[in-house]
Every structure is written in structure tokens, then in C-alpha cells.
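Enquirer: Let the sequences and hints guide you as you build the complete structure.
Heads up: the sequence shown begins at 8 in our numbering, then just goes up one per residue.
Quick caveat, the hints were computed from the structure, so don't treat them as lab data. Quick caveat: nothing in here was measured; it's all calculated off a predicted structure. Errors might be hidden in some of the hints.
Unchecked claim - 30 Å max Cα-Cα, derived BS3-like pairs, lysine-lysine: (1) K327 / K120; (2) K137 / K222; (3) K98 / K336; (4) K120 / K299; (5) K120 / K98.
Stated by the list, open to error - Label-pair ranges, simulated between beta-carbon atoms: (6) R53 / E75: 22 to 30 Å; (7) E354 / D111: 41 to 49 Å; (8) D111 / R173: 16 to 24 Å; (9) P205 / R99: 17 to 25 Å.
Each residue gets a CB set at the ideal place from its N, CA and C atoms; glycine is no exception.
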Amino acid sequence: MDAPAPTAGPIPTGYFRWEPEEDDVLICRAVREETHDVKTFVFAPRNRRQFEFISGQFLTFEFEISGETIHRCYTISSPPSRPDTVSITVKRVPGGPVSNWLHDEFKPGMMLKATIPMGTFSWSGMAATKYLFISGGSGITPLMSMTRSSYDLALIADIVFLHAARSPSDIVFRDELDFMARRNRSIRPFHVVERDAPGEPWSGLRGRINLDVLKAVAPDFLEREIFVCGPTPFMDAMRTVLRGAGFPMTRYHQESFNFEDFTEEAQEAIAEAQAEIDSAVKTYRVEFAKTKRVVEVPADLTVLEAARRAGMRLPSSCTKGVCGTCKSKLVSGTVDMKHGGGIRQREIDNGMTLLCCSKPTSDLVIDR
8 MDAPAPTAGP IPTGYFRWEP EEDDVLICRA VREETHDVKT FVFAPRNRRQ FEFISGQFLT
68 FEFEISGETI HRCYTISSPP SRPDTVSITV KRVPGGPVSN WLHDEFKPGM MLKATIPMGT
128 FSWSGMAATK YLFISGGSGI TPLMSMTRSS YDLALIADIV FLHAARSPSD IVFRDELDFM
188 ARRNRSIRPF HVVERDAPGE PWSGLRGRIN LDVLKAVAPD FLEREIFVCG PTPFMDAMRT
248 VLRGAGFPMT RYHQESFNFE DFTEEAQEAI AEAQAEIDSA VKTYRVEFAK TKRVVEVPAD
308 LTVLEAARRA GMRLPSSCTK GVCGTCKSKL VSGTVDMKHG GGIRQREIDN GMTLLCCSKP
368 TSDLVIDR
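Expert: Here it is in C-alpha cells:
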């Protein structure tokens, strides 16, 4: 009998689920090098607790770096079938304050605060038995969680896993995917690289993922459930290829978060859009205390959107009040916030707000 994709399993007797409302601190148990610029960080609760989540979800962490509080979302790369720990896999980003701090400073035994797992990019509960996972770069993490779950639980699921990387040395989880494939023939990984690595020539698939590549690795791709994760241009390209091939897009799923910074052109465009806002809408003065920037925010616009239109680069990911990346201290003033679970009540009581889903109801001062 065909088995559906896994959901979060029950917590075993004698254990309790990790509840960040009670204790939101996780301790790092291990740091593992995956490639020259990618590391996996393994966390466990401080007390006897276990994690409950579904493959594809993410955690939002709170970092204190150089006196500044920064929130970042990271997809869980470990599977829910291993509930004692949870792992994130982080690529070093040139100039990135968090990724570089994690790679250079963060060690086993150190601790971080985190929220409950969230997100809807998952195969949980699906009845399909044939999947095509397509990932680019660090977008491999949610799909790796799903594949590990399938392997651990011996699911009757046919998985073709297609991953794109710059070179052989940039392929994340290469050895583990090959190991799972040797032990479970229903898991078939394929790697596509753009160039050789020094001292490591490549004899496999080369270039970019296109229709010919899809047909080569999964001739029946039109019959599969397809999950895609990677940089936005990568996902856009995959969507275009699949639509052009006549793939039924109701069976297409991609990660919805956009972790990319705004380009200068985008900043100019949104600044121009700000000038077109109807002057009849009441506006409020919003001051960002640390940067000394002041933005006029219409009552019908979120603080984050108005700040972006004014050319400010504030941290954010989901823009839906879910991830908590834009969480900020409200020094003074009031807002109308309609969030999706990315902030706790005690944080709201302490003056925190999510800029992506907060509209001003008075002049504001924000600690950013």
C-alpha cells in the first residue's frame, strides 16, 4: 500500500515537546562542515524535550552581534524523524553579518533563542508517490529534510532529487545523498554543475537545468509532484521551463520566501512609487532611532513597505507576519498589527512589533 508523505510524528512517552513559550533557548550540540563555505549547526533544547515539525519548515533565530539584535530565518535541514535535535545548514554570504558570525564565531555549547517551527512549504500529508525535487545552492535544505524523512521511515515514495551547484566542491550533502541512494533505490540524486572544481573534474551533467535535463533525469516528470527551492531567479526559471513543457502547475510547489536584498534599481522604483501615494490618506512620522532616518508612512501602508519605498534596507523575509525577521522594538507610538504567528504575546507586551504587518496609528519611534 502506498504511504503518504510524513507528518510530524507523536512525541514518545516520557518526553515533552519543545515549547519556546516556556524556554526559547537552544544549545548547539555540533557544527559540521558540508562544503568549503557551508556548515550545518545542530541544536537541542536545554531540557529533556523533543522537536515537533514538518519537513520544509523553518526556525527564526535571534542573534546578538556587535551589540545589535538581528533576526534570521533558516530552514530546518534535519528530518522530523530525528526529533531529539534540529539542524540548520548555512552558506557563508560575503558581507553577511549573521552567516559570517556563525561560520567564524559560533561553537558547540553556545546558545541561541528561536521561535517554534513555521512555514507551509512541505509535502506533509500528500498522497502522491512520485516526486521531483529541484534545488539550487542552499535551497537544498528543505528538500533534504523531506528526503531524509523518506529514507528514515522507508516510505514507498519515488524521489528524483535534482540539485544545481557551481562546481563539484559546492554540492551540499553529496555524500549523504549518494549513500541514501545506494541503500534505497527509490531515492535517485542527480547533480548539475556549471564548471569543474580545482583538482576535481566533473563528468556528470553540466550547465543549467533545462527541459533536456529534466527529461534525462525524470522522463516522467509530467506525472510527478514537483518541489523547487533556490534563489528567486532559479525558481522563476524552473517555473518557466515547466509551464512551457505543459506541466500541470497545480502540482508545482516552491518556497515563497525571498531572502534577497533590494537592488539599487528596485529601491529607485519603490521610491518613485512612494511619491504617488494619495495625499488624502493620513500619514504619520516614523523615526528610526539608530539610523536617524525619518519616513512618512500612510495609515494604509505597513511600516516595512513604506521604509522600503523610501530606499531603506530593513531585514525581512516573509512579509506576512510569520517569520519574525523584521521584529523591532517600538520605542513610542501605536500600530495596528495583524501578524501570522511570528511574534509572541509577551514580546508584544514588551513593545516589540513586526514591521511587515504593522500599520501606524500614531507617530512612531522604532529602535532600528
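Enquirer: Determine for every hint whether it applies to the structure shown.
Expert: Verification of the supplied hints:
1. About 21 Å separates the Cα atoms of K327 and K120, which keeps this hinted pair within 30 Å; it holds.
2. Proximity of K137 to K222 is assessed by CA-CA distance (about 15 Å); at most 30 Å being required, the pair is judged to hold.
3. At most 30 Å may separate the alpha-carbon atoms for a hinted pair to count; K98 and K336 meet this at roughly 28 Å.
4. For a cut-off of 30 Å, the pair hint linking K120 to K299 stands: about 28 Å separates their Cα positions.
5. For the given pair, K120 sits about 20 Å from K98 by alpha-carbon distance, which is consistent with the 30 Å threshold.
6. Hint check: R53 to E75, Cβ distance near 24 Å, so the stated range 22 to 30 Å holds.
7. Taking the beta carbon of each, E354 and D111 are about 29 Å apart, not inside 41 to 49 Å as hinted.
8. For D111 and R173, the hinted distance range of 16 to 24 Å is satisfied, since their beta carbons lie about 22 Å from each other.
9. At roughly 18 Å, the beta carbons of P205 and R99 sit within the given window of 17 to 25 Å.
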